[in-house]
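Trainee: These are the residues of each chain, in order.
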Amino acid sequence: MKKKLSLTVTKLRCKRNSISVFKPLSFKVSEGQMLIIKGKNGRGKTTLIHCLAGLLSYQGFVRWKGVEGKIGYIGHKFGLKEYETVYDFIKFWKAVYSSKVSIEEVVEFFSLFNVLFSPIAFLSFGQKKKLTFVRLYFFNNNVWLLDEPFSGMDDNNRELIVNMIESHILNKGMVVLSTHEKGRILNIKNTKELVIE
Amino acid sequence: MNNLFYIILKKDFKDNLLSNKAWFTISFFLLCLIIFPLAFGSSQYLELNVSISAIWISTLFANLIALDHMYKEDYNDGTLLYYIVNKVPLVIVVYAKCLSHWLFSGLPIILIAPLCSYVFSGYSENNLNLFISLILATPIFTLIGSPIAALMLGSSLRGAALTFITLPFYLPIIIFGVMGTNINNSNINAEFYLLLAILSIGMIFFPMITVKILKSIIN
Numbered sequence: 002m003k004k005k006l007s008l009t010v011t012k013l014r015c016k017r018n019s020i021s022v023f024k025p026l027s028f029k030v031s032e033g034q035m036l037i038i039k040g041k042n043g044r045g046k047t048t049l050i051h052c053l054a055g056l057l058s059y060q061g062f063v064r065w066k067g068v069e070g071k072i073g074y075i076g077h078k079f080g081l082k083e084y085e086t087v088y089d090f091i092k093f094w095k096a097v098y099s100s101k102v103s104i105e106e107v108v109e110f111f112s113l114f115n116v117l118f119s120p121i122a123f124l125s126f127g128q129k130k131k132l133t134f135v136r137l138y139f140f141n142n143n144v145w146l147l148d149e150p151f152s153g154m155d156d157n158n159r160e161l162i163v164n165m166i167e168s169h170i171l172n173k174g175m176v177v178l179s180t181h182e183k184g185r186i187l188n189i190k191n192t193k194e195l196v197i198e
Numbered sequence: 002m003n004n005l006f007y008i009i010l011k012k013d014f015k016d017n018l019l020s021n022k023a024w025f026t027i028s029f030f031l032l033c034l035i036i037f038p039l040a041f042g043s044s045q046y047l048e049l050n051v052s053i054s055a056i057w058i059s060t061l062f063a064n065l066i067a068l069d070h071m072y073k074e075d076y077n078d079g080t081l082l083y084y085i086v087n088k089v090p091l092v093i094v095v096y097a098k099c100l101s102h103w104l105f106s107g108l109p110i111i112l113i114a115p116l117c118s119y120v121f122s123g124y125s126e127n128n129l130n131l132f133i134s135l136i137l138a139t140p141i142f143t144l145i146g147s148p149i150a151a152l153m154l155g156s157s158l159r160g161a162a163l164t165f166i167t168l169p170f171y172l173p174i175i176i177f178g179v180m181g182t183n184i185n186n187s188n189i190n191a192e193f194y195l196l197l198a199i200l201s202i203g204m205i206f207f208p209m210i211t212v213k214i215l216k217s218i219i220n
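Protein sequences, first through last, are from chains P and S.
Take the first sequence: its letters are residues 2 to 198, numbered as in the numbering used here.
Take the second sequence: its letters are residues 2 to 220, numbered as in the numbering used here.
Bear in mind the hints are in silico, worked out from the structure with no lab data behind them.
It should be emphasised that the depicted structure is a prediction, and the values quoted were computed from it without experimental measurement.
Take the hints with a grain of salt, since some may be wrong.
Listed next, the in silico DSBU-like pairs over lysine-lysine satisfying Cα-Cα at most 35 Å (straight line) [said to hold, decoys possible]:
hint, chain 1, residue 1, chain 2, residue 2
1, P, LYS92, S, LYS73
2, P, LYS16, S, LYS11
3, P, LYS129, S, LYS216
4, S, LYS22, P, LYS12
5, P, LYS183, S, LYS88
6, S, LYS22, P, LYS66
This is chain P alone, in the form it adopts within the complex (with noise of 0.2 Å):
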């Protein structure tokens, strides 16, 4: 039997260059559920997205149950060369992930044909950070930490996102987000919310 999916967090503290980043930090969050995290800029969102990732070191636990091979990531860095056409950057982080989906798959859903031979350095801001969705796509992955994923995004792409998100919470997923939107973004009705003060 599948071990359901959950990440306990118990009293997470994290420190850079010897200061608290955020006060310790509870929380839990399972299958199926979307956590967002809110707070103002600098005070620690991406560092917990950071820790979770495995990516700092830090003090108190970090519990992932049920994780199934990777974790996927979203973050600032696009991970993208700016003289690498769409196409070599899907076809190679396909053969990275020797996934199944063909490319024809994810250039439908990403709307990509008028791009998909030109240089990344000849995409603006919110396609790039389009692109970064593509690794997502591609292996199936249980968990998702998204980093501000709609920042800088137009309307379209932020309701394929949503669509994105949605449908994999609906799979039995778990999605932690960071964000600045107020209000509601999505029509999920299992979140949580956490705000760093």
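Assemble chain S onto chain P, guided by the hints.
Mentor: Just chain S now, kept in the frame of chain P:
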């Protein structure tokens, strides 16, 4: 696992070609080499010793300069971050990077150096020795440079510091390399064995250190 290695190697190879850095090392090597006959100020052949040392000095500096952009781009644009978060084994990434770096900074020099030696000195007896010692030494240059290049990623005066830190570690290699090139009786090849020993230890040792350093630097 093997498959992943080829994919990343191919991508690195392509990156090197596309970002116009591939030709930098070999052109710097040739540029450096051309200065030597000019600096001697005569149209005569150079002494054999001088031409060999010219080749080794040029190799050293070309490699030192090429080290800087070994991991720089992947670090700056966040590709390394995605490798780590998505649990792509870093060992494979590091080996692929080392190999692709050597293909552009070591291999062209190995191929072109015996010809240069012949053109400069008029002798061709030492060419085989030069070829073998360069084959052994240039991978060691790349391997030693890799952890130091990784270590310097966060620093703001990367270029200069990298050169100063790496140079002392290159000295033993260049000493044995030059000695290996100069031997006359080919029965005793102690220098080659020594370089080979360093290379075979280094092939395991330096990538491992690089992985550790990359993991801690990404924080």
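Trainee: Against which earlier hints does the structure fall short, listed by number upward?
Mentor: Those not satisfied are hints 2, 4 and 6.
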